[in-house]
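Taken in order, these protein sequences are the chains called L and F.
So that you can map any letter, position 57 of the first sequence is 57 in this note's numbering, and since no number is skipped, the others follow by simple counting.
Here this note's numbering = 1-based position in the second sequence + 1000.
Think of the hints as simulated: they come from the structure by calculation, not from any bench.
Here the structure is a predicted model, which means the values were calculated and not measured.
Keep in mind that a hint or two might mislead.
Said to hold, decoys possible - Restricting the straight-line Cα-Cα distance to at most 20 Å, the calculated cross-link-like pairs of lysine to aspartate or glutamate (EDC-like) are:
hint, chain 1, residue 1, chain 2, residue 2
1, F, Lys1090, F, Asp1020
2, L, Lys287, F, Glu1240
3, L, Lys317, F, Glu1250
4, F, Lys1234, L, Asp304
5, L, Lys317, F, Glu1240
6, L, Lys287, L, Asp304
7, L, Lys14, F, Glu1160
8, F, Lys1253, L, Asp200
9, F, Lys1195, F, Asp1066
10, L, Lys287, L, Glu218
11, L, Lys257, F, Glu1160
12, F, Lys1234, L, Asp288
13, F, Lys1253, L, Asp259
14, L, Lys287, F, Glu1233
15, L, Lys287, F, Asp1238
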Amino acid sequence: MTIGDLWVLAEPTKGGITTTAKELISEARRLGATVTAVSWGSAGEEIAGVVGSFGAVRLLDLGDLGAVLPASVVAATLAPLLSSESPDALLIPASNDGRDIAGRLSALLDTPVLTNVTGLRDNAGLESEHPIFGGTQTVVARLRASGPGLFVVRAKSFVADASAGGAAQRVTVATATPSTRAATIRTSHVEERSGPALEDAAVVVSGGRGLGDAASYELVTELAQLLQGAPGASRAIVDAGWVPYSHQVGQTGKTVKPDLYVACGISGATQHMVGMKGAAHIVAINKDPDAPIFAISDFGVVGDVHQVLPALIAALKARA
Amino acid sequence: MNVVVCVKQIPDPAAPQSLDAEYRLTRTGKLILDEADTYGVEVALRLVEAAGEGEVSVVSMGDSSDVTGIRSALAMGAVRATVVSDPSLKGADALTTAKVLAAAIAREMPDLILAATESSDGYTGTLPVQVAQLLDLPALTFATSVVVEGDTVIVHRQTEAGYDEVVAQLPAVVTVTAGVVEPRYATFKGIMAAKSRPLNVVSAAELGLSASVLDPRQEIVAVETAAVKSAGEKYVDDGEGAARIVAYLEQIKILSGSAS
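Isolated chain F, as found in the complex (with noise of 0.2 Å):
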């Protein structure tokens, strides 16, 4: 069984975030792989595992300069990685990123497709979906667990209520929520196996893709400072925190009056 994991280089979310001149999420700093795609690799991981045959893939988009979260990703244990990088994408939508992952993923013809349910810089949520469209495929979200028996996959897919458990014959689309499975870390033969695994940069063009199916057609018209409540008193707890908590309790009418 062989799958394929969208994942995404991202800026350090605990690093100081801001945007730049024409409103885009500043990337100047060092990129590392979404916490939330290493779920989706350690999922697809241990389905192959579990298949005894396959491989594990991962695609991605965005400035192949450096491409470090790539390599985290090769040194879990995927055997390639495809990265479209092209000038022509900066500042792309979540649709046009999506036909871009599609036209990747398609050369491959996976069995399966992961992806985490929303990136931790954009939190969109909606690229797997629309992949799995512009593929004509079945999708499978919210998923926190995922089991494949011959060419069917049953996930539990989180509900309000609790979780439904939903099947789909492959293949399909599958995202998965962050603590789905725990992660394995990478290991020292793997980071050093990772340096030599191919690790394909393409464009916009050798995908087929045209020019004007890049068009940005959602604009940022403009920014501006939230009302931020300031912050209001702080104790530290001197073995009073809970009376101090108390008195703000009544001094709110959350509580009545004083304890008789």
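Isolated chain L (complex conformation) (with noise of 0.2 Å):
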């Protein structure tokens, strides 16, 4: 049995839909499947446009939700519509909402779930690849229930490739009332925050337990923008509340595949390298010689960041 039919849940962002689920819908085409993507919001129209050029053939756009998180009325609208049309498998992104809605999907539709997908084969049906123990063993796991199957998916696990064509078919979707009562969104606060996004800068320099102290994430900073990369930071110190979640490389944060990371103060614990092992280049600075990030570090410096970071500041001024 090859794979026919795939839905690639799209989540909507400012006018299209998150990389990751571009990802998704590529990865979708490439193994051959008959493309749907699912996305909601007001931009439908454009949506259409963007997954259809990713390769989605069809659109499911359940229009605008309001003010609410997006999982239960999602969940409760597709899940008669999986259970009809029983394409193979429904592809998550692993966001925040993503994960929500694989949830209450799973427990409608009494299917189990599996997360933390890095890669998908066709082996007479679907098989996902799950990375265990910071990468060092890869698992392979398949669904033995009937009906379609749930993957959430992480991010970068796949190329996204524009070069599928047209738009993809538009079907309006009336959405389902849930049998939940509403969260509801009251205000919605952004951090401001410069330079390049963290998941698509070239370079990306980030922080850890080993700095020390909320100040001395400065140099994190400093760094970041003389090599025209993002500032990124571990579990810990945003745990710390030093700096803001959207700097958080790891499993529960971003996914980055830089052409050259640099870990400062970074000890590598497996949440942390799972997000950012992906790297071409992997620079690490850290006071401990027996600090697991030195395992899948390029280039390791045995030291302290308050004194290799400040010299490297000021030797890449100085060619300026």
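With the hints as a guide, bring the two chains together.
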């Protein structure tokens, strides 16, 4: 049995869909499937064009959902459609809303969900790859249940390819009323950020606990600027409140694949490494010679970030 | 206000991890309370303290031969624990676990259910929302702050760009991120008190769950060793660390040529 139909949850973002959704549509097309994208919001017309260019032939457009967390209404609307049309699988980006939608659909359809997927294979049915133990081993899994599989896929697992063609056929879908009371978004707060987006930057400079205090993060920001890169962070210092969550690289943060990743005072917890080990070049600066980060670094300096970073910043400024 | 916190005992993440012959995480060593769950316990205790009435209890699923981790949640201040332990649950997937926990929670009918955004061993990250759907409750996920006003829960929910203020009526499920609060250390008094607090071990059948509900429906077909890149050069900083990094950045063409 080859793969016939794949649906992709194409989470809307300002003026289009998320990069991960583009990657998933591209991969679904590569697997030889007929691809249906599912999206919502008020930009259905534009989204039909975008999902078409990546390879979707059809867009299920749920329209404007209002100021609610989308999971309940999206899942309540999709569950009967997935049951009746029975595609091979729904591929879901591993975002906050994506994970919530996956959880609700799993319970509604009474089907398990496979998460942290970083690869897909067609082996007489869909199999998924999951990195474990910091990416040293890969679990290959498949669903035994009948009906559409639910796969939550990590960002940057696949390459987005916009060469597919024309707009997808847009089908507007009336949303179902969820049985669950809504969680309403009252206000949205946007944190200011300058420079390239973390997930798109060619250079990422990240800081961790080894910086010692929040003020020292300025060294990371400055080095990132000098290298035309974006500043990132380990979960530890995001949890500690030194920098906002939008800076977090790792399992529960962003996945980055820059040309250069500089880890400053980051020991290399599994949860961090899965988010950055795909970088082409990794430089690590850490006091502890046994820090796990050195095991995946191309170039390591065992030293104090408070000595090495100011010297590095001065050296780069001298070149400018 | 009564709050139930979903907690999990996990192998110490700092210890080497391995899979057994059935591709399950080896859990033979000492088990600890998942650090990610301590934040939920702390938030629950603070909400009950702020409300001035009610109690915090914890529910868990897993082998009950070692309950040290569950006792540490009791030592923090939870008054009661329910542990669903059943040989038929070994290797249960997240949805099955959610069905079990939802059944255990339904017996308590709390105002609020708290959980971590994901566990630190399996990190599936879907269980709390599955529980919410099974119990037909709203779910406010990825919360960095949690406040209860009357019968409304208000959270700050992490977003790509910052955070959203999200509200829902109780009862509700809320998942909290690590670092949302500083979990308290158990006091000696708390540790002593925890020893006498009720810890009820129940089977799946006692929760009214039939064997068919528990059939695993996902399987691991293989575990492969991933291509791991070998570590590169490593220098102990002797004052030349920065210069060496500059040279390396030139070598990989991030920086062009030598400084003039």
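Consistency of the hints with the structure:
1. F:Lys1090 - F:Asp1020: holds, 12 Å
2. L:Lys287 - F:Glu1240: holds, 15 Å
3. L:Lys317 - F:Glu1250: With Cα atoms ~15 Å apart, Lys317 (chain L) and Glu1250 (chain F) stay inside 20 Å; holds.
4. F:Lys1234 - L:Asp304: holds, 14 Å
5. L:Lys317 - F:Glu1240: holds, 17 Å
6. L:Lys287 - L:Asp304: Judged against 20 Å, a Cα distance of about 5 Å means the pair holds.
7. L:Lys14 - F:Glu1160: It holds: about 12 Å lies between the C-alpha atoms, which stays within 20 Å.
8. F:Lys1253 - L:Asp200: Holds: Lys1253 (chain F) and Asp200 (chain L) sit about 19 Å apart, inside 20 Å.
9. F:Lys1195 - F:Asp1066: Judged against 20 Å, a Cα distance of about 14 Å means the pair holds.
10. L:Lys287 - L:Glu218: Roughly 19 Å separates the two Cα atoms, so the pair holds.
11. L:Lys257 - F:Glu1160: Status holds; Cα separation ~18 Å.
12. F:Lys1234 - L:Asp288: OK: Lys1234 (chain F) and Asp288 (chain L) at ~12 Å, within 20 Å.
13. F:Lys1253 - L:Asp259: holds, 10 Å
14. L:Lys287 - F:Glu1233: The given pair, whose Cα atoms are some 15 Å apart, holds under the 20 Å limit.
15. L:Lys287 - F:Asp1238: Judged against 20 Å, a Cα distance of about 12 Å means the pair holds.
Hint compliance for this structure: no hint is broken.
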